[in-house]
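**Student:** Residues per chain are reported as follows:
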Amino acid sequence: MAELLQFTITGLTVGMVYALIALGFVLVWKSSGVANLALGQLVLLSSWFTYGMLVQAGLPIWAGFIVVIIFAVLLGWLIERFILRPLIAQPILSLITITLGLAYFIEGLVVFIWPASVAALPRLFPVEPFHIGPAVVSQQYLWAAIISLALFGLLSLFFRYHRMGIAMRATADDQRAVQACGIPVTRIFSRSWMFACVLAAVGGVLMSSIGGITFGLVGTGLKAFSVVILGGLDSFLGAMIAGPIIGLAENLGEGYLTPLTWPGVREVIPFIIIIIVMFVKPYGLFGEERIERI
Amino acid sequence: MDLPAGTRNYTYAQDMAIFRTKTHWTLLIGLLVVLCTAPLWWGNWLSVANLIGITIIAATGLNILTGYCGQLSIGHAGFMAVGAYTSAILTERLGLPFPVGLISAGVAAGLVGMIFGMPSLRVKGFYLAIATIAAQFIIIWVIKHWTDVTGGHMGMSVSAPALGGLVLKSNASQFYLIGSIAVLSIFFAKNLARTRVGRAFVAIRDNDLAAEVMGINLFRYKLIAFFIGCFFAGIAGSLFAHWARFISDEFFPLTDSILYIGMIIIGGLGTTTGPIFGAIFIGLIKHSLTHYLVPTLESSAIALPAGFASGLAPMVFGLIIILFLILEPRGLAHRWQLFKAAYRLWPFSY
Numbered sequence: 001m002a003e004l005l006q007f008t009i010t011g012l013t014v015g016m017v018y019a020l021i022a023l024g025f026v027l028v029w030k031s032s033g034v035a036n037l038a039l040g041q042l043v044l045l046s047s048w049f050t051y052g053m054l055v056q057a058g059l060p061i062w063a064g065f066i067v068v069i070i071f072a073v074l075l076g077w078l079i080e081r082f083i084l085r086p087l088i089a090q091p092i093l094s095l096i097t098i099t100l101g102l103a104y105f106i107e108g109l110v111v112f113i114w115p116a117s118v119a120a121l122p123r124l125f126p127v128e129p130f131h132i133g134p135a136v137v138s139q140q141y142l143w144a145a146i147i148s149l150a151l152f153g154l155l156s157l158f159f160r161y162h163r164m165g166i167a168m169r170a171t172a173d174d175q176r177a178v179q180a181c182g183i184p185v186t187r188i189f190s191r192s193w194m195f196a197c198v199l200a201a202v203g204g205v206l207m208s209s210i211g212g213i214t215f216g217l218v219g220t221g222l223k224a225f226s227v228v229i230l231g232g233l234d235s236f237l238g239a240m241i242a243g244p245i246i247g248l249a250e251n252l253g254e255g256y257l258t259p260l261t262w263p264g265v266r267e268v269i270p271f272i273i274i275i276i277v278m279f280v281k282p283y284g285l286f287g288e289e290r291i292e293r294i
Numbered sequence: 295m296d297l298p299a300g301t302r303n304y305t306y307a308q309d310m311a312i313f314r315t316k317t318h319w320t321l322l323i324g325l326l327v328v329l330c331t332a333p334l335w336w337g338n339w340l341s342v343a344n345l346i347g348i349t350i351i352a353a354t355g356l357n358i359l360t361g362y363c364g365q366l367s368i369g370h371a372g373f374m375a376v377g378a379y380t381s382a383i384l385t386e387r388l389g390l391p392f393p394v395g396l397i398s399a400g401v402a403a404g405l406v407g408m409i410f411g412m413p414s415l416r417v418k419g420f421y422l423a424i425a426t427i428a429a430q431f432i433i434i435w436v437i438k439h440w441t442d443v444t445g446g447h448m449g450m451s452v453s454a455p456a457l458g459g460l461v462l463k464s465n466a467s468q469f470y471l472i473g474s475i476a477v478l479s480i481f482f483a484k485n486l487a488r489t490r491v492g493r494a495f496v497a498i499r500d501n502d503l504a505a506e507v508m509g510i511n512l513f514r515y516k517l518i519a520f521f522i523g524c525f526f527a528g529i530a531g532s533l534f535a536h537w538a539r540f541i542s543d544e545f546f547p548l549t550d551s552i553l554y555i556g557m558i559i560i561g562g563l564g565t566t567t568g569p570i571f572g573a574i575f576i577g578l579i580k581h582s583l584t585h586y587l588v589p590t591l592e593s594s595a596i597a598l599p600a601g602f603a604s605g606l607a608p609m610v611f612g613l614i615i616i617l618f619l620i621l622e623p624r625g626l627a628h629r630w631q632l633f634k635a636a637y638r639l640w641p642f643s644y
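Order-wise, the sequence lines are chains U and V. Residue numbers for the first sequence follow the numbering used here, beginning at 1 and rising by one. Residue numbers for the second sequence follow the numbering used here, beginning at 295 and rising by one.
Don't take each hint at face value.
[Stated by the list, open to error] Just a sample of chain V residues kept apart from chain U, beta carbon distances all over 12 angstroms, derived:
| hint | residue |
| --- | --- |
| 1 | Tyr304 |
| 2 | Val342 |
| 3 | Gly364 |
| 4 | Gly419 |
| 5 | Ala423 |
| 6 | Phe431 |
| 7 | Thr441 |
| 8 | Gly459 |
| 9 | Phe521 |
| 10 | Gly605 |
| 11 | Ile616 |
| 12 | Phe618 |
| 13 | Lys634 |
| 14 | Trp640 |
[What the hints assert, rightly or not] Result set (SDA-like, lysine to any residue): computed pairs, CA atoms no more than 20 angstroms apart in a straight line:
| hint | chain 1 | residue 1 | chain 2 | residue 2 |
| --- | --- | --- | --- | --- |
| 15 | V | Lys316 | V | Ser341 |
| 16 | V | Lys316 | V | Trp640 |
| 17 | V | Lys438 | U | Leu285 |
| 18 | V | Lys418 | U | Arg290 |
| 19 | V | Lys438 | U | Arg266 |
| 20 | V | Lys418 | U | Gln90 |
| 21 | U | Lys281 | V | Lys418 |
| 22 | V | Lys463 | V | Ser341 |
| 23 | V | Lys316 | V | Lys634 |
| 24 | U | Lys281 | V | Val417 |
| 25 | U | Lys281 | V | Met412 |
| 26 | V | Lys418 | U | Trp29 |
| 27 | V | Lys634 | V | Lys418 |
| 28 | V | Lys438 | U | Val265 |
| 29 | U | Lys281 | V | Ile409 |
| 30 | V | Lys418 | U | Trp262 |
| 31 | V | Lys438 | U | Pro263 |
| 32 | V | Lys438 | U | Ile269 |
| 33 | U | Lys30 | V | Lys418 |
| 34 | V | Lys418 | U | Leu285 |
| 35 | U | Lys281 | V | Phe513 |
| 36 | V | Lys634 | V | Gly324 |
| 37 | V | Lys463 | V | Ser451 |
| 38 | V | Lys418 | U | Val265 |
| 39 | U | Lys30 | V | Lys316 |
Worth flagging that the hints you see were computed from the coordinates, not collected in a lab. Glycine included, C-beta positions come from ideal geometry on N, C-alpha and C.
Put together the whole structure using the sequences plus the hints.
**Tutor:** What follows is the structure, given as structure tokens:
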């Protein structure tokens with residue numbers, strides 16, 4: 001029983017972080033229709049950058065965080081301005097492939113600058129484990145979940161009330177109408193990429209404060225894909241609900257399926273979920289089913 | 295097909311022929327002579343040529359699937375792994391002859407490809423990309439952990455291919471095997487594009503709903519595309535296994551799948567020459583980076599960062615893919631067409 005509770009809490013909290021990273025994907029997809037397959041690599045890059053700032057440059061944690069956020073914003077701007085803007089109105093195949101190229105490039109860049117394959121961030125959260133009933137959960141998980149939830153709340157308020165947020169939702173709905181209203185669509189694209197990079201950075205820092213910085217962070221990005229597939233590509237709520245589901249499935253699967261199958265079953269559960277969702281309900285739980293006309 | 299000035303078609307057979315003019319035939323025969331005598335004078339480049347030949351086969355398959363039929367697959371290295379392991383297991387553990395292993399490798403990869411291609415009926419674009427990424431990870435995971443059969447992380451050693459009593463041990467002898475299969479698959483791909491099936495693929499790529507309205511059975515043709523594309527991958531995987539003589543789960547990473555997509559983009563999507571250009575281009579860059587540039591720089595006095603050698607290649611490839619998509623999305627094949635047109639019209643450019 002304690003075991004079950006343990007798996008559940010860990011799964012739910014890690015799932016929140018997946019959901020946070022997935023939100024970045026949904027944002028870009030909704031506003032510009034670009035599928036960002038470099039998500040995992042963005043997570044990896046910003047985690048290593050945080051390491052560079054906090055450990056190698058020795059900045060205090062608050063200053064390091066500000067620098068990381070600024071870096072993420074700049075990165076988002078750079079990516080949108082120089083890589084995706086030339087491809088506006090190109091077929092989806094090119095848009096997907098260019099983010100793959102970007103992913104490849106970032107992976108090389110990370111190896112180039114930080115050849116060590118493993119590193120640890122300094123402690124960001126208190127370490128004393130937390131007791132919930134019979135289960136023992138380390139505080140990092142809870143902090144990760146709280147920060148993710150808080151960011152999700154902030155983002156929903158932003159989209160609900162802020163001018164920019166409303167403009168972004170409008171762009172997601174109908175690009176041409178928005179353009180006709182005089183809203184600069186390219187600026188919206190740029191903003192959405194900045195948001196995505198910041199979310200990836202925060203998600204990366206949270207994940208690496210739990211498990212250290214490894215190449216496995218790319219896998220975190222890939223898990224975010226299974227979150228968006230399950231939740232529906234264009235649904236914020238879907239991502240927020242599907243994230244914990246994926247985290248839960250992964251942790252319960254690791255706990256109870258490993259004796260039945262092979263070790264490392266955790267790595268493929270998100271992918272198996274993807275395949276099942278594609279067969280059963282391809283547009284996800286909350287995704288909008290597109291009706292196409294010729 | 296645009297023809298040189300003064301060439302006219304008088305029969306349908308002429309219209310359909312791939313090699314039309316005397317220049318075509320001369321170039322073809324010249325190329326065949328070069329290829330047949332290559333082992334005599336290419337020396338160390340033969341192993342590069344073999345690897346590029348294998349890559350051409352795989353890229354041709356991906357081009358049929360992605361370039362002609364428009365179904366993006368980011369799991370091509372995974373399907374190659376299926377072929378490589380099928381062939382290795384059949385020849386090593388069961389002692390079957392190499393040709394049986396080769397064909398079964400293709401069929402096995404094709405069938406696995408069909409399974410993962412099945413979602414393509416209902417979804418496309420990004421969804422299919424993710425489904426094929428999932429295929430890549432699931433396949434590699436199974437290979438890594440099914441240690442009784444695949445050897446898992448320890449890998450598997452594979453014997454040299456044997457045709458009847460003839461064992462092809464050297465790079466030179468394998469060059470003929472790989473080269474002839476590569477030529478056959480290019481020929482097959484070229485002709486496939488002109489058949490009913492190939493035209494159906496192109497119709498599906500351009501607009502799948504319109505294609506369905508015209509009476510093309512989407513499910514059937516998409517699965518055929520997946521089967522053919524992954525069949526090629528399986529053949530390439532089998533050849534790779536018997537050429538490298540050793541395979542493990544780390545030989546078929548996701549980055550390779552991305553690189554295959556990059557190759558057909560660089561070469562030119564939906565053209566027969568595209569995969570050839572792409573595979574040669576990437577293959578030569580890879581070889582010169584790892585064998586010439588990095589050692590030269592390392593032996594020079596400049597102090598290099600520690601990650602230089604391993605980080606450079608992915609950075610260069612990523613950059614190449616991005617630059618090609620932005621600057622020349624139709625790839626090298628398009629440049630080649632432009633060059634041919636300019637050559638034919640020279641010196642009168644209008």
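**Student:** Checking each numbered hint in turn, tell me which of them this model violates, lowest number first.
**Tutor:** 3, 4, 5, 6, 7, 10, 11, 12, 15, 17, 27, 30, 38 and 39
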